[in-house]
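Student: Got chain U sorted already, so can you dock chain D onto it with the hints?
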Amino acid sequence: AQTVTQSQPEMSVQEAETVTLSCTYDTSENNYYLFWYKQPPSRQMILVIRQEAYKQQNATENRFSVNFQKAAKSFSLKISDSQLGDTAMYFCAFMILSMDSNYQLIWGAGTKLIIKP
Amino acid sequence: DSGVTQTPKHLITATGQRVTLRCSPRSGDLSVYWYQQSLDQGLQFLIQYYNGEERAKGNILERFSAQQFPDLHSELNLSSLELGDSALYFCASSVSAGVSDTQYFGPGTRLTVL
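Going line by line, the protein sequences match chains U and D. Once you know that position 33 of the first sequence is 33 in the working numbering, the rest is easy, because the numbers rise by one and skip nothing. Once you know that position 108 of the second sequence is 1108 in the working numbering, the rest is easy, because the numbers rise by one and skip nothing.
The following block holds chain U by itself, in its conformation from the complex:
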């Protein structure tokens, strides 16, 4: 079964600190895409960053970067200089080819991140 695991249900850090959220996945595919989405208290689902599996270079979007370890099937999200607005639920997701030959996003259970002032 193709799965996404987020092992940290909840984390909290002080404002301006750096925090890393972990995500591991399981697949036998070679070509796939990985995503991090955030869901703030407003419940809007917002794309944070995405990574193509065939690219060795880690994706970066401003204060957000990933550490993609393909062999280890790990895709962690690093948030630098964390801000109060980063408080949200963070979901790791993984695009796979499903059994009916369609691409489907598989979601982790989420990590609740709290940034403290």
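No lab work stands behind these hints, which were simulated from the structure alone. As the structure is a computational prediction, the values presented were derived from the model and not from experiment. Yeah, the Cβ is synthetic: ideal placement off N, Cα and C, and Gly gets one too. Mixed in with the good hints there might be a few duds.
[What the hints assert, rightly or not] Listed next, the stretches of chain U that the computed footprint assigns to chain D, with coverage defined by at least 3 CB atoms under 8 Å from CB atoms of chain D: (1) 8-15; (2) 27-41; (3) 47-60.
Tutor: Just chain D now, kept in the frame of chain U:
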């Protein structure tokens, strides 16, 4: 703002009733996805449409149905509603239906069944 719109934002109804949720994808996007998110849980994929045709089905109940119209907007119909159907329903859209397609989410419709 993702460019995906959903109406209504909130919906309160009674058990046994039927409701319709509406979604307009981003301009140029051909795929529409529906997800259900119950309180404090992750997203459950319900169904995907691509250019007017059903493309993939997830954990969608038989009481639920969806369609995508020629103008590419989509509707999710929920019937014989039960208390457990109370959830946040998201629509997402993407350019096509490939492995590289990023899904952009609408603001969601919060359904409360009393």
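Student: Determine for every hint whether it applies to the structure shown.
Tutor: Here is how each hint holds up against the structure:
no.: 1; hint: 8-15; result: violated (count 0)
no.: 2; hint: 27-41; result: holds (count 5)
no.: 3; hint: 47-60; result: holds (count 3)
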